[in-house]
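Novice: Sequence order for the protein chains is H and D.
The first sequence: position 122 = 122 (the working numbering), numbered continuously.
The second sequence: position 137 = 399 (the working numbering), numbered continuously.
Hints may be right or wrong, so weigh each one.
[What the hints assert, rightly or not] Using C-beta positions, here's what the derived DEER-type ranges look like:
#1 Lys255/H <-> Arg392/D: 32 to 38 angstroms
#2 Ala465/D <-> Ser40/H: 20 to 26 angstroms
#3 Asp178/H <-> Val501/D: 56 to 62 angstroms
#4 Leu47/H <-> Met263/D: 45 to 51 angstroms
#5 Ile3/H <-> Met363/D: 56 to 62 angstroms
#6 Pro122/H <-> Gln348/D: 27 to 33 angstroms
#7 Asp344/D <-> Ala258/H: 26 to 32 angstroms
[As the list claims (entries may be wrong)] Heads up, incomplete: computed chain H residues facing chain D, CB under 10 angstroms, no partners named:
#8 Leu49
#9 Thr180
#10 Phe236
#11 Leu237
To be clear, the hints were calculated from the coordinates, so they are not data collected in a lab.
Cβ atoms here follow ideal geometry from the backbone N, Cα and C, with glycine treated the same way.
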Amino acid sequence: MSISKYLKVWSIMTFYTAQIALQSRFGAVMFIIGKLLRFSFFLFFLLILGFKTKAIAGYSLWQMIFFFATFNLIDTLAQFFLREVYRFRTYVVNGFLDFILTKPFPPLLRSLFGGSDILDVPLIFISIAFVIIAASHIGQITLFGILIYNLLIFNAFFIALAFHIFVLSVGVLTTEIDNTLFLYRDLTQMGRIPVDVYQEPLRGLITFFIPVGIMITFPAKALMGALSLEGIFISFLIGGLLFYFSLKLWHFALKHYASVSS
Amino acid sequence: MKKYFLVAKNTWDEMLTYRLNFTMWRLRGIISLVSIYFLWLAVIPNNGSVFGYNRSLILTYILGSSLVNSIIVSSRSYIIGDEINQGNLSNFLIRPINYLMYWFAKDLGDKAMNILFSIFELLILFLILRPPFFLQTNISYLIPFFISIFLALFLNFFFNLLLGFIGFWSPEVWAPRFIFFMIESFLAGAYFPLDILPKPIFAVFQLLPFGYSLYFPLKVYLGQLSLTQIYFGLLISIVWVFGLLLIAQFVWTKGLKVYTAWGK
Numbered sequence: 001m002s003i004s005k006y007l008k009v010w011s012i013m014t015f016y017t018a019q020i021a022l023q024s025r026f027g028a029v030m031f032i033i034g035k036l037l038r039f040s041f042f043l044f045f046l047l048i049l050g051f052k053t054k055a056i057a058g059y060s061l062w063q064m065i066f067f068f069a070t071f072n073l074i075d076t077l078a079q080f081f082l083r084e085v086y087r088f089r090t091y092v093v094n095g096f097l098d099f100i101l102t103k104p105f106p107p108l109l110r111s112l113f114g115g116s117d118i119l120d121v122p123l124i125f126i127s128i129a130f131v132i133i134a135a136s137h138i139g140q141i142t143l144f145g146i147l148i149y150n151l152l153i154f155n156a157f158f159i160a161l162a163f164h165i166f167v168l169s170v171g172v173l174t175t176e177i178d179n180t181l182f183l184y185r186d187l188t189q190m191g192r193i194p195v196d197v198y199q200e201p202l203r204g205l206i207t208f209f210i211p212v213g214i215m216i217t218f219p220a221k222a223l224m225g226a227l228s229l230e231g232i233f234i235s236f237l238i239g240g241l242l243f244y245f246s247l248k249l250w251h252f253a254l255k256h257y258a259s260v261s262s
Numbered sequence: 263m264k265k266y267f268l269v270a271k272n273t274w275d276e277m278l279t280y281r282l283n284f285t286m287w288r289l290r291g292i293i294s295l296v297s298i299y300f301l302w303l304a305v306i307p308n309n310g311s312v313f314g315y316n317r318s319l320i321l322t323y324i325l326g327s328s329l330v331n332s333i334i335v336s337s338r339s340y341i342i343g344d345e346i347n348q349g350n351l352s353n354f355l356i357r358p359i360n361y362l363m364y365w366f367a368k369d370l371g372d373k374a375m376n377i378l379f380s381i382f383e384l385l386i387l388f389l390i391l392r393p394p395f396f397l398q399t400n401i402s403y404l405i406p407f408f409i410s411i412f413l414a415l416f417l418n419f420f421f422n423l424l425l426g427f428i429g430f431w432s433p434e435v436w437a438p439r440f441i442f443f444m445i446e447s448f449l450a451g452a453y454f455p456l457d458i459l460p461k462p463i464f465a466v467f468q469l470l471p472f473g474y475s476l477y478f479p480l481k482v483y484l485g486q487l488s489l490t491q492i493y494f495g496l497l498i499s500i501v502w503v504f505g506l507l508l509i510a511q512f513v514w515t516k517g518l519k520v521y522t523a524w525g526k
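Looking at chain H on its own, in the form it has when it is part of the complex (with noise of 0.2 angstroms):
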């Protein structure tokens, strides 16, 4: 199957799952405003913390702005790609992962992007705009400094991707999913702002064991400037390392799977 194939099946998919929670207007826009205020109420926290402060572990309030806006642009894109991993365990149980199985699609795909989130597409434009609007209050922002900023949101969503295989991994193992995968989005969330706000050796951990520091603060650092070129190639190399061997347990995961609930 080529990749246009792919992804004309994933664009119905979305399609379908767009039309799902669009059913219930008033869930939809509860939905979205709840996401918006979860937004307004940490940047408020943010402001009223930089207004008093001045500076948090030497970062200026736009750059804190920065961090949590590409926190959210990072989070928001894995969210709106990948939610189909919310409704997996449902599929183990009630034995739906069978039939996906058998379909002619990979199962991995179909578990991952089986239909996106259109409820977070304000969010992730909303990111995007603070992204942008914190940057250009930084400054010293070069061409190179966005190139690489680009391509370690890239990297970060595959880290995100590796993430949401091993809860799969996880789920088809143990039927147990819903709160490792909150887990992770906890976890992400200690990157709403930098990593060096953190004491080692905990900075150390959520850096590059947990690599929430690559996720969010390097491609963040990136832009303004001030991660090396250590930084850069250390960050894909463990976003590369993380997906091989969350493919690596995908596949030992299916391997084991029992379908007790067909």
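Following the hints, put chain D in place on chain H, whose structure we already have.
Specialist: For chain D alone, kept in the frame of chain H given last:
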């Protein structure tokens, strides 16, 4: 009462059914706490203060909010809306059991487990982080602190009930809950102590019930309120508890009249 004790006890077993899920859930709490803890640690200088809070007070507020949250916010009654929508409420209506007491017992079971694990987790964090913690020893603050926690527990139970009762009129029970808790956590003071806000905004927040589930108990614990302020706060809490009780009873009665066991 024995049957409600058994309901609470069964809630423990339910929560421990999926052990991995349970472990991950506990880890989530620790991560959220550590995240906000280090942010405040970076914000407040060693011997300085911000917003009238020194390091010891703000970190006590943050760590205390984690424990108080585990007592107050944890709940099982969030399922009520789905129970109504799926028609499962019928099973309870024909049983010799008070539906509201049943969910209150489940909530208590949930809270008991949360308290137990939160204390254990906080102790470990204390040993690792060794934060400058403010230990309140004055009994005249500790008694109103426990009373305010007790009242906050009821406040949140009635909020959960009312959100669940939306199921009588609409299948959309999760979206209002999502937005409500987003607003509640902010207005309750989960992000920061509410008194750092501009005075007119803070004055309005003081009349709302949300601050009485987190901010007010913690301020009482920190000993930062006068006796008059404490009595006034407790009075507002009591008014809200009884107000919400009456509203919940009214909505429950109205809801039962429109309940059609649809979905069964």
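Novice: For every hint, state whether the structure bears it out.
Specialist: Each hint tested on the structure:
For the pair Lys255/H and Arg392/D, the supplied restraint of 32 to 38 angstroms is violated, since their beta-carbon distance comes to about 46 angstroms. Look at Ala465/D against Ser40/H: about 21 angstroms separates their beta carbons, and that is inside 20 to 26 angstroms. One distance hint, 56 to 62 angstroms for the beta-carbon pair Asp178/H and Val501/D, is violated here, with the actual separation near 37 angstroms. Look at Leu47/H against Met263/D: about 50 angstroms separates their beta carbons, and that is inside 45 to 51 angstroms.
Checked against the hint of 56 to 62 angstroms, the pair Ile3/H and Met363/D passes, with Cβ atoms roughly 58 angstroms apart. One distance hint, 27 to 33 angstroms for the beta-carbon pair Pro122/H and Gln348/D, holds here, with the actual separation near 31 angstroms. Evaluation of the 26 to 32 angstroms hint for Asp344/D and Ala258/H yields a pass: the beta carbon distance comes to about 28 angstroms. The criterion of a C-beta within 10 angstroms of any C-beta in chain D is met by Leu49/H, whose closest approach is roughly 6 angstroms, and the hint holds.
A hinted interface residue such as Thr180/H counts as satisfied when its beta carbon comes closer than 10 angstroms to some beta carbon of chain D; here the least separation is about 5 angstroms, so the hint holds. Given the 10 angstroms rule on beta carbons, the hint for Phe236/H is violated: about 26 angstroms separates it from the nearest Cβ of chain D. Look at Leu237/H: its Cβ only gets to about 25 angstroms from chain D, farther than 10 angstroms, so that hint breaks.
Of the numbered hints listed earlier, those contradicted by the structure are 1, 3, 10, 11.
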